[in-house]
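Sequence order for the protein chains is A and B.
90 is the number that the numbering used here gives to position 73 of the first sequence; each next residue is one higher, with no gaps.
105 is the number that the numbering used here gives to position 12 of the second sequence; each next residue is one higher, with no gaps.
None of these hints come from the bench; they were simulated from the model.
Any given hint could be a false lead.
Claimed, not checked - If you want a taste of the chain B side facing chain A, the calculated C-beta under 7 Å gives, among others: (1) N104; (2) P106; (3) V114; (4) R116; (5) G120; (6) I122; (7) G128; (8) S130; (9) E131; (10) A136; (11) S138; (12) G139; (13) P156; (14) G161.
Stated by the list, open to error - Far from chain B by the CB rule (all over 10 Å, computed), these chain A residues: (15) G41; (16) S47; (17) R50; (18) D54; (19) R55; (20) A61; (21) A72; (22) K88; (23) A95; (24) E109; (25) T133; (26) R141.
Every value quoted in this text rests on a predicted model; they were computed, and no experiment measured them.
Idealized CB from N, CA, C, for every residue including glycine.
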Amino acid sequence: MRPQPSEDRLPAVFDDEAFESDAGRYGPGSRARRIADRARRDFALHGVPRVLLMACQAEGRDGTRLAGAYKLYLPIGAETHSFGMVFVPALESGALIVVYLAFGVRHQPFGSRAPTVYALAHRRRHGRLP
Amino acid sequence: MIACVQIITLNEPELKGTYAVERQADGRIVLDPVGPSEDELIARSGGRRLTADELEREFGDLPSDDEG
Chain A
18 MRPQPSEDRL
28 PAVFDDEAFE
38 SDAGRYGPGS
48 RARRIADRAR
58 RDFALHGVPR
68 VLLMACQAEG
78 RDGTRLAGAY
88 KLYLPIGAET
98 HSFGMVFVPA
108 LESGALIVVY
118 LAFGVRHQPF
128 GSRAPTVYAL
138 AHRRRHGRLP
Chain B
94 MIACVQIITL
104 NEPELKGTYA
114 VERQADGRIV
124 LDPVGPSEDE
134 LIARSGGRRL
144 TADELEREFG
154 DLPSDDEG
């Protein structure tokens with residue numbers, strides 16, 4: 018059962034296929050996978066804290082176009098936040114919810130060609146990488 | 094730079110899903126699982142997109158940064 022919307026938290030909807038496409042990039046038991054799974058559990062159970070959400074850029078310097086999408090950095094409470102999760106808002110039966118769009122690294126590690134969370138979100142929206 | 098050549102759907106039982114066909118910088122072609130599109134995700138949620146006015150009303154006060 019979804020949590021009720023509140024001033025502080027928004028109910029979050031996760032699609033298994035989308036989440037696994039992103040989190041499945043990381044090995045079972047890896048730090049990234051644990052962070053993704055923990056965030057999903059927390060957000061699905063309690064909702065996404067509004068205070069953590071930031072607006073994605075309509076035209077990012079990395080070429081991503083994510084107007085109307087919102088992000089937060091993970092892991093919550095850590096000193097460094099290497100990962101991000103992107104959501105898109107929706108109205109379901111009049112209630113505001115956020116729909117999971119992507120999870121991944123915020124920045125490509127040096128030498129890596131792995132797409133960032135923004136590139137993954139962009140591809141879900143536009144059908145191709147930026 | 095990774096170039097996405099095409100989005101394809103495979104129906105083989107062990108590979109069922111949507112993939113981006115990507116050409117790597119070294120010329121290799123890889124299949125990268127994409128999962129459902131944003132439109133599909135919203136449809137699966139049972140919800141609808143917010144209008145521009147609704148977005149502004151609900152989220153217009155949220156901060157942003159220059160990252161993405």
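Q | Index of numbered hints that the structure contradicts, given in increasing order | A | The structure breaks hints 1, 2, 3, 4, 5, 6, 10, 15, 21, 22, 24, 25, 26; every other hint is satisfied.
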